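Undergrad: Throw the hints in and build the complete structure from the sequences for me.
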Amino acid sequence: MSPLADDAPPATAGAEPNAVQKVCAVMRALAAPAPRRLTDLAAETGLNKVTALRILDTLAQEGFAARAGDGRRWRPGPELMALAASAGRPDDLRALARPSLMRLAELSGDTVLLSVRSGVEAVCVEREIGAYPIRANYLDIGSRRPLGVGAGAMALLAWLPDREIEAVLGIVVQRLGPYPRLGRAEIRAGIAEARARGHVVLLDQVVDTMGAIGVPVRDETGRTVAALSLAALTTRIRAREAELAEALRREADLMERERIPG
1 MSPLADDAPP
11 ATAGAEPNAV
21 QKVCAVMRAL
31 AAPAPRRLTD
41 LAAETGLNKV
51 TALRILDTLA
61 QEGFAARAGD
71 GRRWRPGPEL
81 MALAASAGRP
91 DDLRALARPS
101 LMRLAELSGD
111 TVLLSVRSGV
121 EAVCVEREIG
131 AYPIRANYLD
141 IGSRRPLGVG
151 AGAMALLAWL
161 PDREIEAVLG
171 IVVQRLGPYP
181 RLGRAEIRAG
191 IAEARARGHV
201 VLLDQVVDTM
211 GAIGVPVRDE
221 TGRTVAALSL
231 AALTTRIRAR
241 EAELAEALRR
251 EADLMERERI
261 PG
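Residue 30 in this note's numbering is what sits at position 30 of the sequence shown, and the numbering runs on without skipping anything.
One should not assume that every hint holds.
If you anchor each label on the Cβ, the simulated ranges turn out as follows [claimed, not checked]:
{"#": "1", "residue 1": "62", "residue 2": "184", "range": "37 to 45 Å"}
{"#": "2", "residue 1": "19", "residue 2": "195", "range": "18 to 26 Å"}
{"#": "3", "residue 1": "242", "residue 2": "60", "range": "49 to 57 Å"}
{"#": "4", "residue 1": "28", "residue 2": "186", "range": "22 to 30 Å"}
{"#": "5", "residue 1": "250", "residue 2": "95", "range": "17 to 25 Å"}
{"#": "6", "residue 1": "189", "residue 2": "163", "range": "44 to 52 Å"}
{"#": "7", "residue 1": "195", "residue 2": "219", "range": "18 to 26 Å"}
Worth flagging that the hints you see were computed from the coordinates, not collected in a lab. Note that the structure is a prediction, hence the values are computed from the model and not measured. Ideal Cβ positions, reconstructed from N, Cα and C, are used throughout, including at glycine.
TA: Right, here's the structure in full:
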């Protein structure tokens, strides 16, 4: 069977990534709001600079990467942007979620996010900002975080099968340097709390004085395919947790009934 088969086991902690995984890691790192330096790309992917540069040069030859104007930074190439465009059909997940995001932002006044899983990361694919003047604007469309870091990323992780969670955690714990309040034990505790509540609540874990609530969005098989989350001041989350969680769940249910794209 091909090593790329859908039922291939997930990578384990400490395992050397294969060539395809290294290329995929670089392509994910390129998908950022601004061009990236080689040093930053190498650090994010865990590759040495020689390997990262070799991959970037090959991607550039094939049109999947390009040097930015100063020649020292890298950005997505036209082929990678074409792939992104083909994934952005009008009937896709973002279009389905858009009315829900708008309703939630209007109801709450706060920032509402749609996230999907990409390997062991959560990527923000859509965002709506509410009218409240103090905004959670630290996550842009295209921003990535390890699974379990933030309400949307936790909602994507918490309802995975236990065996898959352990495989993910084995990798994620190596990427928690920027998040000193989080470790394996804290993420496991967050998973247990989310399952007990039916939704994720995280307060002051990632950004001081800020919190978030998140819920999973599932397809017809029950598989988690996205997460809806709402980020706001911790005080605003505490005061309205039940109301906001109910609103998020209501919109997630509506998206599920509208048929989540697989």
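Undergrad: Would you list, in rising numerical order, the hints stated earlier that this structure does not obey?
TA: The structure conflicts with hints 2 and 6, although it agrees with all the remaining ones.
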